[in-house]
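Enquirer: What follows is each chain in one-letter form.
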Amino acid sequence: MSPLDRIANVSTLKQHEVDKLYKVEHKPVVSTSDQLCFLIRPRIQTVKWICDVANADKAAGRFRRYKIIFTPRKFYACEAMLEEQGIFGEVTTDEWSFCLLPLDDDVISMELPEFFRDNFLAGDQRWVRTAGSALHLLHSLYGPFSKLYGIGRCSKMAYESWREQVEEGEQTARRAEIGKVFLIDRDVDFVTPLCSQVVYEGLVDDIFRIKCGCVEFGPDVTSSDKSLKVMLNSQDKVFNEIRNEHFSNVFGFLSQKARNLQGAYDKRRGMDIKQMKAFVSEELKGLKQEHRLLSMHIGASESIMKKKTKQDFQELLKTEHSLLEGFEIRESISFLEEHISRQVSMMESLRLLCLLSITENGLLPKDYRSLKAQYLQSYGADHLLTFSNLRQAGLLAEQPAGEALSAMESKVGKLVNDKTAGKLTDAFSSLARKSNFRALSRKLNLVPKSDEEYDLRVPRDMAYIFSGAYVLLSCKLVEQVLERDGWTGMDEVTRLLNGHEFAVTGSSGADARTQGDARRVVLVMFLGGCTFSEISALRFLGREKGYKFIVVTTAITNSSRLIESLLGNQI
Amino acid sequence: MTFITANWNPLGEAFYRKSELYEMCWNLRDGLRDCLVAAAPYGGPIALLREPVRRSPSSRPQLEIYSASGVSIASFPWKSGPVVHLGWTRHFSMGQEVVQSQVLEAKVFHSPYGTGVAIVTGSSRFIMATNIDDLKLRRLPEVPGLQGKPSCWVVLNQDRQTKVLLSTGSELYILDNTSCTAVSLPGLAPQGGSIVHMSVSFSYKYLAVLTDSGHLWTGPSHLQDKMSEVDTKKLTPPKQMVWCRRPKSQQPSVVLMWDRLLMVVGVCQDTIQFPTEDQCVLVGEMDGVRIISSTNQELLQEVPLVCQEIFKIASMAPGALLLEAHREYEKSSQKADEYLREIKEQSMLGEAVSQCIEAAGHEYDPNTQKSLMRAASFGKCFLTDFSPGQFVTTCRELRVLNSVRESSVGLPLTHTQFKQMTLQVLIDRLVYRQFYPLAIEMCRYLKIPDYQGVSRVLKHWASCKVQQKDLSDEAIARAMCAKVGDSPGVSYSDIAAKAYECGRTELAIKLLDFEARSGEQVPLLLKMKRSQLALSKAVESGDTDLVYTVVTYLKNEMNRGDFFMTLRNQPVALSLYRQFCKLQEQETLKDLYNQDDDHKELANYYVTASYREKRLESRLSLLQSAVDEYNKAKNEFSAKATEEEMRLLRFQRKLDDEKGAGLLELSLQATMEALLALGLYKQAEQLYRDFRVPDKRYWWLKLKSLAEKEEWDELEKFSKSKKSPIGYLAFVEVCMKSNNKYEAKKYVSKVTPEQRVKAHLAISDLDGAADAAIERKNDSEIATVLSRCSAADRLLIERLNRASTAKK
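Heads up: the protein sequence lines correspond to chains A and B, in order. Each residue of the first sequence is one higher than the one before, counting from 1 in full-length UniProt numbering. Each residue of the second sequence is one higher than the one before, counting from 1 in full-length UniProt numbering.
Check before you lean on any hint, since a few could be wrong.
Over 12 angstroms on every C-beta distance to chain B, these chain A residues come out as not near it, computed from the model [stated by the list, open to error]: (1) Lys-48; (2) Thr-130; (3) Glu-164; (4) Lys-229; (5) Arg-330; (6) Arg-342; (7) Lys-372; (8) Tyr-379.
Here are the in silico distance ranges between beta carbons for each label pair [unchecked claim]: (9) Gly-485/B to Met-347/A: 36 to 44 angstroms; (10) Leu-678/B to Pro-400/A: 44 to 52 angstroms; (11) Thr-752/B to Pro-400/A: 35 to 43 angstroms; (12) Gln-452/B to Val-30/A: 37 to 45 angstroms; (13) Gly-485/B to Glu-160/A: 53 to 61 angstroms; (14) Lys-634/B to Val-344/A: 54 to 62 angstroms; (15) Glu-160/A to Ser-491/B: 35 to 43 angstroms; (16) Leu-135/B to Phe-88/A: 54 to 62 angstroms.
Here chain B is said to cover these stretches of chain A; the calculated rule only asks that three of the stretch's residues, wherever they fall, bring their Cβ under 8 angstroms from a Cβ of chain B [said to hold, decoys possible]: (17) 69-82; (18) 155-162; (19) 384-393.
For the record, the hints were derived by calculation from the structure and aren't laboratory data. Note that the Cβ used here is the ideal one computed from N, Cα and C, for glycine as well.
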C-alpha cells in the first residue's frame with residue numbers, strides 16, 4: 001500500500017475523472033489521454049523520466065498537457081532539470097505539502113525513507129527543513145510545546161528550522177495538547193535497528209514487510225490460494241493486544257483468545273428464540289470478525305514459527321546477544337564467517353557485520369579485512385561500494401592500528417570540561433566515528449546481567465523487547481531525559497554520543513497552558529526512521545511511567561531497510 | 001454657550017455653519033488671482049500653478065504644493081506645455097493620441113474604481129480613462145453639432161458606468177461608451193434658459209444645474225426627478241458651484257461663488273449669503289465644502305443633527321440637558337440634580353450620553369469637545385450598564401484628529417471623513433508626508449499591532465533614510481539599528497535593496513548584516529555580486545534550495561577552478577552539488593574529486609562507472625584506474641580486492657569463451673558453484689587455490705554441490721581426501737537433506753564425540769544417540785534424546801532415565 005492509497009484510493013481518483021493510474025517508471029506512457037498528471041517525490045531521477053516521456057511525445061508529434069505535483073515540496077534542482085531538458089514551459093508544476101501520515105493512534109510517518117540515505121550518507125540536508133515543517137504543523141495544531149529535548153546534528157537543525165518557522169508565523173494562543181517533544185537522530189542509536197526483532201509487530205515487519213500500516217499475507221498465512229492485504233493498527237482488536245508482546249507469549253495469548261471465542265459461540269446453546277435473535281443481531285458479527293482476525297494472526301504466527309524456531313535462528317539470536325553483552329566475541333566472529341561463506345543471507349550477514357563493528361567499537365584490522373574479503377567472495381566485488389557507504393554512515397569501522405588514537409582520546413576526554421578539548425574530541429570523533437557502545441551500555445545499564453532469569457510474560461523493563469538481553473538505547477535516552485527534565489548529569493553519555501544535545505523551554509507561557517493530561521503527552525520524533533520495536537518499547541515505557549508517547553518518524557525502518565538503503569550498487 | 005451657535009445660519013429646518021480651519025501659513029503676493037488651484041479631498045494638500053497661460057514661451061511657471069494649512073511641501077518649475085486643468089492623481093501618461101490633439105478642457109474625478117480623467121479634445125471629442133492605474137483610454141461617441149468645447153459638462157458615475165453629462169447651451173446630452181443621448185431635466189421651467197453651469201455631488205448621486213436666467217435646478221443625477229428649482233436672481237455665471245451635503249443630510253444645498261459673494265442655496269429654496277473679500281476656491285468634501293482664500297481656510301457644513309439638538313437654543317434634547325446638568329455640577333449648583341432627574345425620568349440618560357459623545361466627534365474646537373466629553377463622562381457615572389467602548393474610542397480618535405489638524409501637519413479631517421478614510425490610510429498619508437514620529441506615536445497610542453502599525457512606518461522611514469546622501473554609511477546603519485531594532489515585519493533585506501538601488505552597495509551590505517533570516521540576504525547579495533558571501537549565507541539559512549540556487553549561479557559566473565575552490569570551503573554546498581553531479585554530470589564529479597585529491601571517492605567513482613560499462617575491456621581499464629586510485633588512497637584492501645575482481649573477470653571471460661559457461665558477472669562463490677555444477681572440478685580447484693578461498697568455504701561448497709548432483713562416490717572420495725575442516729556432521733546433514741540415510745550413516749562414525757548425539761539424531765537413530773549420550777554422561781544430551789522419544793520407546797526411556805539418575 002502506498003501513502004496515496006491511504007488518502008485517496010483508486011475509486012476516489014476515478015470519481016474525479018482520473019482515467020488510469022500508472023507507477024512512474026522509466027518507460028513511455030501508453031494512454032490515449034491528452035493530460036498526464038505526475039504525483040512524485042522531488043527526485044531528479046524521476047523528473048528526468050518525466051522529461052523523457054514529454055520529449056518522446058514531442059518527437060512523435062503528440063500533444064499532451066503535463067502537470068507535475070511535487071510532494072512534500074518542490075526543489076529548485078527539479079525545476080532546473082525541466083529547464084535543462086527544455087520542457088519547463090510545457091509543464092505546470094505544483095506543490096503538495098503533505099508531510100504527515102498518521103499510521104495509527106500514536107504513530108505518524110512522514111513516509112520519507114530517502115531521508116536516511118540523503119542525510120546520513122550523502123550529507124544532503126534537503127529534508128531537514130521538511131522535518132522542521134512537519135514539527136511546525138504539529139505545533140500549530142497541538143502546540144505550544146512546553147519543552148523540547150533532542151540529540152543529534154540533524155535534530156538540532158530540524159529544531160532550528162522549526163523555531164524559525166514559528167517566529168515567522170503568527171502566534172495563536174491555544175490550549176496545548178502536546179507537552180514535550182524529543183528529537184533524535186537515527187545515527188545516535190544504530191544498535192537497536194540492527195537487532196532481530198522479536199516483538200510481534202516487529203517480527204511481522206521483518207518477515208512480511210509492513211508498508212504504510214498494511215501487510216500482505218501470502219497463501220501460507222491465509223491457508224487459501226489467495227494473498228490478503230490487511231491493515232495493522234489498533235482497530236484490529238486481536239492485533240492490538242499482541243503487537244507489543246514478545247513472540248513467545250503470542251501463541252499462549254492466541255489460544256486463550258480462541259478458547260474465549262469458542263465460549264462466546266457456545267453461549268448459543270440453550271438459548272430461546274428471542275435470545276438467539278439478540279445474539280445474532282448484536283454479537284455474532286463481532287465474533288465472526290474477531291474469529292477472522294484471530295485465524296489470520298494464528299496463521300501468521302505459525303508461518304513466523306516455521307521460519308524462526310529453526311536451529312539457525314536460535315543461534316543467530318544467541319550471537320546477537322553475545323555481541324550485545326560483549327562475551328565470546330571470537331565465537332561470534334566464527335559464526336559470522338560461516339554465515340558469510342555459506343551464503344545464508346546477504347543482508348543478514350551485513351547486519352551482523354555492522355552490529356559487530358558497532359558493539360565492538362570497530363573491528364580489528366585483521367578481522368575487518370578477512371570478513372570483507374569473505375563477503376566479496378560470496379556476493380561479488382561491487383560490494384566494495386557498499387562497504388564504503390557503511391563506513392561513511394558510521395555503521396562499519398576499523399579499529400585504528402595501535403591504540404594511539406584511543407589513548408590520546410581518553411586523555412583528552414578527562415579534560416572534557418575544557419571547551420577547546422571538547423572541540424578536539426569532536427575532531428577525533430568525526431575522524432573515527434566511534435560508537436562507544438560498550439561504554440554507553442555500562443553507563444546506561446543497557447544490558448541486564450545475563451545470569452538472572454527474565455520472565456518475558458511479566459516484563460519488568462524495556463529489555464523484554466529483545467528477550468531481556470538489551471534495553472533499547474534510543475528509548476533509554478528518552479526515559480532518562482524525561483526523568484531528569486534535561487541532560488543534566490548525563491555529560492559523559494552525551495560526550496560518548498558525540499554531543500549535539502539540547503534541552504530548551506518552548507514558547508513562553510506554554511507551560512501554564514499545558515494542563516493535566518497534555519503534560520504527559522510526549523512527541524518523540526525519529527529523524528532517519530524508527531523500528532516497531534522502538535514504538536513497542538515507548539508504549540511500554542508510557543504505561544510504566546504514565547506518559548502518552550506519540551511517535552513521529554521520517555519512515556518506519558528495520559534492519560533490512562536500513563542496510564538496503566546503503567547498498568552500494570545502486571546509484 | 002451662546003457663542004457656539006453664533007456662526008450658525010438657518011437654512012430651512014437646518015443650520016449651516018462656517019468655521020475657520022486655518023490662518024493660511026503661505027504668503028501669496030497676488031492672492032489666488034490668475035492661479036490654477038487643485039486641492040485634494042479629505043483635507044489633502046493644495047497644488048498651485050501661477051499664470052498657467054504663459055505670457056512668453058520662456059517663462060517657466062512654478063508649480064507649488066502646500067499642505068492644507070499652507071505650509072510649503074514642494075515646489076518645482078513647470079516645464080511642459082500650457083496647463084488646462086490641475087487635479088490630483090498619480091503619475092501617468094495618456095499617450096500619443098492625446099498629445100497630438102489639443103486638450104481643451106480636462107476633469108479629474110474619483111470613483112470607486114480609482115482616479116479617472118476625462119478630456120475634451122480640439123476636435124470636440126471626449127476621451128476618458130476611468131482608472132489611471134489601469135490606463136485604458138476610451139473615445140466616447142461624437143456629440144451631434146458640437147463645435148469647440150461644450151458650455152459645461154460633468155462626469156457622472158451611475159450603475160457602475162462612468163458617463164459624461166454635457167450641455168451645448170440649450171441641449172443636454174448623456175455620453176456613455178456607446179451612445180450619445182439627448183436628455184432633459186424634469187420639471188425645469190421652460191423659461192429657464194440655457195445651461196451655464198453644472199455640478200455633481202461628492203457621491204455622484206445629485207446634480208445641480210444653473211441656467212443663464214439664474215435658475216438653479218437640483219435633482220438626483222439619474223435625471224428621473226426634480227428636487228427643487230430656485231431663482232438665484234443672479235444673471236452672471238458663478239465662478240464655482242459645489243454641492244454641500246453630509247451623510248444623512250437634512251437640508252442639502254449648493255454653494256455658488258461669485259467674485260464677492262458666496263451663496264448657499266438650499267433645496268428648500270432658502271438661501272444664505274456670505275460676502276467674500278478675497279478670491280476663493282471651493283473644495284467639495286463628503287460632509288461639507290472647504291473654502292480656501294489667500295489668508296484663511298474655512299469649512300462650510302450643515303450642522304450635524306446631534307449638534308443641533310444639543311446646542312440649539314432652548315433645546316430639551318437629553319444631550320442638551322446633560323450638558324447643562326454637568327455645567328451646573330461644575331458650578332456646584334443643585335440644579336445639576338434637577339436636570340439629571342429630568343433626563344432620568346424619561347429614562348433617556350443612555351441616549352444623552354451617546355448624544356454628547358457623538359456631538360463631540362463632530363466638533364472642531366477642542367474646548368467644545370472637552371466639555372461634551374466631560375458631560376458624557378459625568379452622565380456615565382449614573383449608568384450601570386453603559387458600555388465604555390464608544391466613549392474610549394471617540395476620546396482616542398479625537399486626540400488623533402486634533403493632532404493631525406495642527407497647523408504644522410495640516411490635515412483638516414472631520415470625524416466623518418476620518419471614519420470613511422480609515423486609520424490605515426491616515427497613517428500612510430502621514431508617512432508619505434514624512435511625519436514619522438507622529439505616525440509612530442499614533443500607532444502606539446491606538447495600540448495597532450506592530451505589523452500593521454509601527455513596523456510599516458519604520459519601513460518607510462528606513463527606505464527614506466538610506467537616500468540621505470549627506471550621511472555616512474556608518475551613521476545610517478547605526479541609526480537604522482537603533483530605531484528599527486528587531487521590530488517584527490521590518491525586513492532589513494528590503495531596506496538594503498533600497499540602498500543598493502540608490503547606489504549604496506556598502507551600506508546595503510552593512511544593513512544585510514542586521515537581517516536575522518539569512519535566507520533573505522541571499523538574492524540581494526547575488527545581485528550585488530557578493531557570491532561568496534551569498535553562498536555562506538545560503539548555507540546558514542539551512543534552505544537547500546537556496547544553496548542550490550547560489551551554486552547554479554556560481555557555476556555559471558565563475559571559472560571552474562574558482563568554483564570548485566569555493567565549494568570546497570562549503571561542505572553542505574559541496575555535498576549538494578555532488579548529489580546533483582552523480583545524477584547529471586558524472587564527468588564533473590570526477591573533476592571535483594580530482595581537484596580535492598579525494599582518491600578514495602575517485603576510486604569508488606571508477607568502480608561505479610565500471611558497472612555501467614558493457615564491454616569487458618573498458619570495464620577492466622576503469623577498474624585498473626580504480627586500483628591506481630585505491631593505491632594512492634593507501635587503501636590496500638580495496639586495491640587488492642579490485643585486482644582480484646579483474647583477475648576473476650578475465651578468468652570468467654576465458655572460460656565463457658572456451659566452454660560457454662556463462663560466468664561473467666558472477667561472484668567468486670557463484671563462479672565456483674557454477675563450475676562444480678558443470679563438473680569442471682579442476683577449474684574450481686584452481687580458483688580455490690588462486691584466490692585463497694578458505695578451506696571451510698570450499699569444502700561446504702563442494703559438499704553441497706556433490707550431494708545435489710548425488711555423486712555419492714565422488715563425495716566419499718572427497719571426504720577422505722584430507723581431514724574435513726568443517727567436521728563430518730555437515731556431511732551427515734547434507735546427505736539427509738537429500739534424503740539419503742544410507743550415505744549419511746557412513747559419516748556418523750567420523751563425527752567428533754561432542755556432535756555425535758546430534759549426528760545420530762539427524763539420521764533418526766535413537767539407540768545410537770542414546771548410547772552416545774550415556775557414554776558421554778551428558779545430562780542435557782540425554783534430555784535431548786528423551787525429548788525425541790515416543791511412548792513406544794519405553795525401554796530406551798528407562799535406560800536413559802537410569803543413566804541419568806545413576807550419574808547423580
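Enquirer: Which hint numbers does the structure go against, in order from smallest to largest?
Expert: 1, 2, 3, 6, 7, 8, 9, 12, 13, 14, 15, 16
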